[in-house]
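Asks: Could you build all of it, start to finish, from the sequences and the hints given here?
2 protein chains.
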Amino acid sequence: MRTVRTVAALREALAPHRAAGQRIGLVPTMGALHEGHLSLVRAARADSDVVVVSVFVNPTQFDDPNDLAAYPRTEAADVALAAAAGADLVFAPEPAELYPRGYATTVAVTGPLAESLEGAQRGRAHFDGVATVVTKLLLAVAPDAAWFGAKDAQQVVVVRRVVADLGIPVRIEVGPTVRDADGLAMSSRNVRLGPADRTRALALSRALRAVQDALGGGADVPAARDAGLTELATEGIDPEYLALVDPDTLEPAEPGRPVLVLVAARVGPVRLIDTVTVTPDAPGAL
Amino acid sequence: MRTVRTVAALREALAPHRAAGQRIGLVPTMGALHEGHLSLVRAARADSDVVVVSVFVNPTQFDDPNDLAAYPRTEAADVALAAAAGADLVFAPEPAELYPRGYATTVAVTGPLAESLEGAQRGRAHFDGVATVVTKLLLAVAPDAAWFGAKDAQQVVVVRRVVADLGIPVRIEVGPTVRDADGLAMSSRNVRLGPADRTRALALSRALRAVQDALGGGADVPAARDAGLTELATEGIDPEYLALVDPDTLEPAEPGRPVLVLVAARVGPVRLIDTVTVTPDAPGAL
Numbered sequence: 001m002r003t004v005r006t007v008a009a010l011r012e013a014l015a016p017h018r019a020a021g022q023r024i025g026l027v028p029t030m031g032a033l034h035e036g037h038l039s040l041v042r043a044a045r046a047d048s049d050v051v052v053v054s055v056f057v058n059p060t061q062f063d064d065p066n067d068l069a070a071y072p073r074t075e076a077a078d079v080a081l082a083a084a085a086g087a088d089l090v091f092a093p094e095p096a097e098l099y100p101r102g103y104a105t106t107v108a109v110t111g112p113l114a115e116s117l118e119g120a121q122r123g124r125a126h127f128d129g130v131a132t133v134v135t136k137l138l139l140a141v142a143p144d145a146a147w148f149g150a151k152d153a154q155q156v157v158v159v160r161r162v163v164a165d166l167g168i169p170v171r172i173e174v175g176p177t178v179r180d181a182d183g184l185a186m187s188s189r190n191v192r193l194g195p196a197d198r199t200r201a202l203a204l205s206r207a208l209r210a211v212q213d214a215l216g217g218g219a220d221v222p223a224a225r226d227a228g229l230t231e232l233a234t235e236g237i238d239p240e241y242l243a244l245v246d247p248d249t250l251e252p253a254e255p256g257r258p259v260l261v262l263v264a265a266r267v268g269p270v271r272l273i274d275t276v277t278v279t280p281d282a283p284g285a286l
Numbered sequence: 001m002r003t004v005r006t007v008a009a010l011r012e013a014l015a016p017h018r019a020a021g022q023r024i025g026l027v028p029t030m031g032a033l034h035e036g037h038l039s040l041v042r043a044a045r046a047d048s049d050v051v052v053v054s055v056f057v058n059p060t061q062f063d064d065p066n067d068l069a070a071y072p073r074t075e076a077a078d079v080a081l082a083a084a085a086g087a088d089l090v091f092a093p094e095p096a097e098l099y100p101r102g103y104a105t106t107v108a109v110t111g112p113l114a115e116s117l118e119g120a121q122r123g124r125a126h127f128d129g130v131a132t133v134v135t136k137l138l139l140a141v142a143p144d145a146a147w148f149g150a151k152d153a154q155q156v157v158v159v160r161r162v163v164a165d166l167g168i169p170v171r172i173e174v175g176p177t178v179r180d181a182d183g184l185a186m187s188s189r190n191v192r193l194g195p196a197d198r199t200r201a202l203a204l205s206r207a208l209r210a211v212q213d214a215l216g217g218g219a220d221v222p223a224a225r226d227a228g229l230t231e232l233a234t235e236g237i238d239p240e241y242l243a244l245v246d247p248d249t250l251e252p253a254e255p256g257r258p259v260l261v262l263v264a265a266r267v268g269p270v271r272l273i274d275t276v277t278v279t280p281d282a283p284g285a286l
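Chains as they are written, first to last, in this note's numbering: chain E, 1 to 286; chain L, 1 to 286.
These are computed hints drawn from the structure, not numbers from a lab.
Since the structure is predicted, the reported quantities are computational estimates derived from the model, not experimental observations.
Just so you know, not all the hints are guaranteed correct.
According to the in silico footprint, chain L covers these stretches of chain E (three or more CB under 8 Å from chain L) [to be verified]:
hint, segment
1, 93–106
2, 110–122
3, 134–145
4, 161–175
Every residue gets a Cβ at the ideal spot worked out from N, C-alpha and C, and that includes glycine.
Replies: Here it is in structure tokens:
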């Protein structure tokens with residue numbers, strides 16, 4: 001298990017594996033690894049000859065400097081956890097390695113995919129930052145496949161769009177959201193929740209389940225959404241959004257199609273997101 | 001010699017060569033091939049095992065729909081010329097192959113590199129279009145090296161920036177501007193010049209030579225620029241710009257450094273550009 005800090009060292013480390021025709025898997029992360037990330041590393045391990053985990057808190061995707069400053073950085077623990085889950089190589093560059101002096105290029109996704117929901121709340125620079133760093137990581141590692149978590153549902157849609165549009169030769173895989181036993185979606189930001197806020201935060205997953213149950217019971221989209229809002233209100237949570245949309249286009253959900261349900265809310269000092277996909281014939285288990 | 005129209009067919013055609021470790025060269029063009037392009041194809045031929053010429057009139061880099069509509073399209077002749085110059089494969093996609101329905105991704109370069117000179121005249125969408133299509137072509141072909149003409153000097157600077165910033169693993173090579181015997185820089189747009197305008201257009205290369213001679217004779221930047229403007233004025237040409245800048249940054253030229261001289265002017269129905277680089281110790285031969 002090695003940690004490399006430059007694209008040159010990364011490529012050098014991967015060259016013999018690539019030359020031998022081995023399959024390379026990438027799990028891009030911002031560190032502070034939890035079971036959600038580790039499930040992706042294990043999925044990559046099962047599918048790949050060489051597993052790379054990138055650990056990079058990408059400054060360009062943070063709209064809020066305080067959030068960037070407060071984002072947990074736990075590299076030594078991350079390296080140990082990644083190794084235990086089956087990673088072969090950690091790529092942990094400094095910001096100046098990916099964005100040196102004179103850097104001037106942005107990969108931008110236009111339209112509702114990147115400008116609605118998270119894009120509307122955090123500003124369009126957020127997904128520009130995501131699209132740019134993911135493009136750079138995919139070009140640096142040149143993996144056969146890359147794994148992303150379903151929890152960042154809009155990120156997955158944006159990444160799939162960029163990969164298809166630019167023709168980056170990689171398969172995008174999505175791993176299911178991992179939850180604590182009480183339903184809270186795992187997030188690196190959860191460590192900043194105090195005990196009371198952690199209890200309040202459970203209303204997010206309860207709200208998603210309420211939406212799911214309502215849809216499963218035949219409710220229409222507005223009624224299902226109301227069921228979710230009611231659940232959030234029990235903890236006094238007024239969400240930034242609670243949206244029911246098409247999983248591919250993020251346009252308003254249509255009857256008979258799968259529904260992507262997304263919620264974002266500030267709970268105490270932390271902004272949290274959660275999501276579930278509900279399919280008409282086989283409602284997803286939250 | 002084959003022509004392929006899809007990225008999938010292109011990759012399939014290149015796969016055995018790549019697997020055999022052969023070096024792949026790319027010459028991206030918008031077709032209407034002239035001796036300038038063909039000199040790049042020959043340079044690629046001398047350096048590569050497999051030479052790909054792309055022929056694609058990229059709609060997203062045209063600021064003027066009339067210019068796009070009038071841009072010459074001569075694919076059958078292009079294929080024959082490319083083959084004679086040593087190309088192995090022509091990649092000639094339709095616009096919908098590179099920009100299918102739902103396409104939403106742009107590679108954008110910010111700052112003076114893309115926003116000055118051509119960027120200021122044609123709008124910033126011009127170099128966004130160039131950066132995006134070049135990125136897509138480089139990812140589709142995955143060449144060891146790609147050849148660009150020095151005449152599109154700002155394009156070269158933008159392409160080098162994007163390749164470095166995104167970390168696209170390719171070497172960018174630049175071939176010298178090819179001129180007619182009377183000095184006119186070859187351009188696919190020259191066919192649209194009538195006889196009188198073609199004579200007037202010679203003032204562009206004369207103006208560059210005047211700037212070069214003035215700098216060689218010890219003139220400072222403003223005086224050298226005036227010498228060029230005087231030459232343009234003999235044909236009544238008021239240029240969109242005549243600029244003396246740093247070849248790497250496009251910032252104002254500084255004493256003791258190479259000077260990139262760029263001119264753009266409308267001559268009759270056609271917008272023309274030309275350029276020369278003057279080095280302090282070894283003034284370039286125009």
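Asks: If a hint holds in the structure, say so; if it does not, say that too.
Replies: Hint check results:
For the segment 93–106 of chain E, the stated coverage by chain L holds: 5 residues have a C-beta nearer than 8 Å to a C-beta of that chain, and at least 3 were required. Closer than 8 Å: that is the beta-carbon criterion, and the segment 110–122 of chain E has 4 residues meeting it against chain L, so the requirement of 3 holds. Counting residues of the segment 134–145 of chain E whose CB lies closer than 8 Å to any CB of chain L gives 5, so the stated coverage by that chain holds, three being the minimum. Coverage of a stretch by a chain is defined here by at least three residues with a beta carbon nearer than 8 Å to that chain's beta carbons; for the segment 161–175 of chain E and chain L the count is 7, and the condition holds.
Against the hints set out earlier in the document, no violation occurs for any number.
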